[in-house]
Amino acid sequence: MMNATRTSPLHDRVAELNPQWSVVRGMRTAAGLAGDETGARESVAVADLSCLDKAGIKGPEAARWLESLGIAVPAKANAWTGLPGGGVIARLGRAEFFLEDGAAGDTAGRVRDVLGTGIAGVYPVIRQDAGIALVGRRVNELLLQTCNVNFQEVDSASRTVVMTMMVGVAVLVIRQDHQTLPGFRIWCDSTYAPYLWETLSGIAAELGGGPIGTGSLLSQAGKLE
Amino acid sequence: MSITRRDFLNGAALTIAAGLTPATQLAAQPARYPPALMGLRGQHEGSFEAAHALAREGRKFPVDGLPISETYDLVVVGGGISGLSAAWFYRRAKPSARILILDNHDDFGGHAKRNEFTLDGRRIVGYGGSQSLQSPKSLYSPVAKGLLRDLGVDVTRFETAFERGLYPSLGLSRGTFFNREMFGRDVLVTGDPGSDEDNARPNAKPLSEFVSAFPIAEASKAQIVALYSAARDPLAGVTNLDLSAEAFPYLGVREAEIAGVPARLLRAGFVGELGYEIHVPADRACALWDALMEAGSVHGIRPFGVEAQRLLRLEKGHIIIGQDTDGLTTPGEAAVDWAVKMDKPYFVGQRSLEIVQRKNPKATLVGFTLDSTNEGAVPKECHLVIRDGKIAGRVTSIAWSPALEKHVGLAFVSREIIANRGGFFIRVDDGRMVPARIAKTPFYDAAGDRQKFAA
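First to last, the protein sequences are chains A and B. Those letters in the first sequence? Residues 1208 to 1432, per our numbering, in order. Those letters in the second sequence? Residues 427 to 881, per our numbering, in order.
Keep in mind the hints are simulated off the structure, nothing from the lab. Incorrect hints may appear among the rest.
Coverage of chain A stretches by chain B, computed from C-beta distances (three or more under 8 Å per stretch; other residues unrestricted) [said to hold, decoys possible]: (1) 1318-1331; (2) 1356-1370.
So, partial list: chain A residues that the calculated Cβ filter (under 7 Å) puts toward chain B [unchecked claim]: (3) Ser-1275; (4) Gln-1335; (5) Ser-1397.
Please read all numbers here as calculations on a predicted model, not as lab measurements. Glycine residues also receive a C-beta, built at the ideal position from the N, C-alpha and C atoms.
Start from the sequences, fold in the hints, and give me the full structure.
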């Protein structure tokens, strides 16, 4: 038996960028990429955060069950709140939730392990999304070119969840600033991820930014190879 | 032996509920603290008398008339790791549940007991049951791994806390004892066959040399050696799942780990060969692919594309929904009425199908082969079937079968053609008419022998 390594849907794209690999949550992840990452972040940077653990859950008892585990769920639909360790829980509807752990959390993993074991009114939703982070002062210029939602109205305090189309791809978006820089998290179906990545990276490059590794975004970086 | 309810609570029955810490309670009573007990701690007195009385003496223990004084949401019988895990998962799903765990021994844990000793004021914990279990890193399910994580069990501690060099350091190695009663004479065969790569083990021996000293028939020795060294099929080499025809029959569905990846397997037959569909989380697919390719390399494994898949399924007469059917095709037209359980009380579309079934379909999907005399153009998919100068159907699939050495295909044809059980014509691009003949499907391996395990 081998210990299977997880593979990001963006692995091949990131591998072309001379990465310094690390392993985060069992997934080979670029801690850093060749080039000026600091400069990219000041403009607009794109990072692959697909390594973070995810879980999906829905059902009439989903909210109550999550609360029974001590997880604070957003009170209304299309809103998100934080999880211990830097994760997020997004309420996608009255009875559907999406969870993603930060690098240090284990809530999504804990929920996923229990889901599907016959809990009445609670059902697992398979989440195999690619996770992308956009960070930088010119991030809104990039979003204006890719989506018809006005993300300038989505501030970090409102904790709004936006489900929309971005360059033709169905995405889930939240505002998540990084230190003093504005930022967004984007999730999409993993089969569309390379196309979305290329498009976002291309526009970011035109704005003076580009892809970066995860080292500066995750509070707990993985083990470097 | 009378066992009162109070004895259970004081000894071996533990209630997991908010606020109770049974281990702490027991630790406060050294005389009753099982890990501190000395001697053999397996089936001690008090653990087997009731079972023996039932089995050997035929005694009955009337329990039906006992009053019910307490209620629990869950009663777990057996406080081994399985029972304790069941209680743990139940409590996590229902945090306020009252759970009673019953066990007939003086300690919980089953085979996973521990012994505690105090030496020079220092507490030493040793194993009082199983020394170690199967490797959690590679063989445990995600659920079991999650349990270990939740309990704070650091499996990597095994690598530093367990003295794996103890026996070699004492000059001891493995051996197998064959007793006189079973094998005719007492024989101790020493040696460690291990793996070929690991010859650093004390008294390492090749498997064949180790087995050759067994006091058994030569044929049996050969079978044992073959069991361990014969080539296995790629899938069997990377999973513990029982793949035998009896345990995992055709059209069966199983869940298992393959090369450490949680997977759902379908023993499907779309291409008509012995095969499996393996569904895994997307982020593990590359790892699984690599593992299968590596395991299959000695067998000459190689990937194949969808064009080969489409030909193989056509030889079996298996339809592709969307190619051999369209949005208006009914089960009757596609000749798959057998797949629709019309006697169900209700399903969406049932009434419409009942209406359709009362009418004969204008065209039905059939298999066909090209006439052997055809040396000209070959029809393509969507070419029209012509009868008496009128459109009487269309080709949905066609391909050259190397196995059958002829063209085989599927086509919708009119009921008049079917009634005549004969030939028909397909009009190709240049307007010529190519003769074809209805043929029974499957075209290939009608008995399905290739989907069975070799005898």
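Evaluation of the interface hint that places Ser-1275 of chain A against chain B, nearest CB under 7 Å: 5 Å, holds
So is the segment 1318-1331 of chain A in contact with chain B by the C-beta rule, three or more residues under 8 Å, or is the coverage claim wrong? holds (count 5)
Within the assertion that chain B covers the segment 1356-1370 of chain A, do at least three residues meet a Cβ-to-Cβ distance smaller than 8 Å? violated (count 0)
Should the hint that Ser-1397 of chain A touches chain B count as held when the rule is a Cβ pair under 7 Å? 5 Å, holds
Hint check, Gln-1335 of chain A versus chain B [nearest Cβ-Cβ separation less than 7 Å]: 4 Å, holds
Going through the hint list in order, the structure does not satisfy hint 2, though it satisfies all others.
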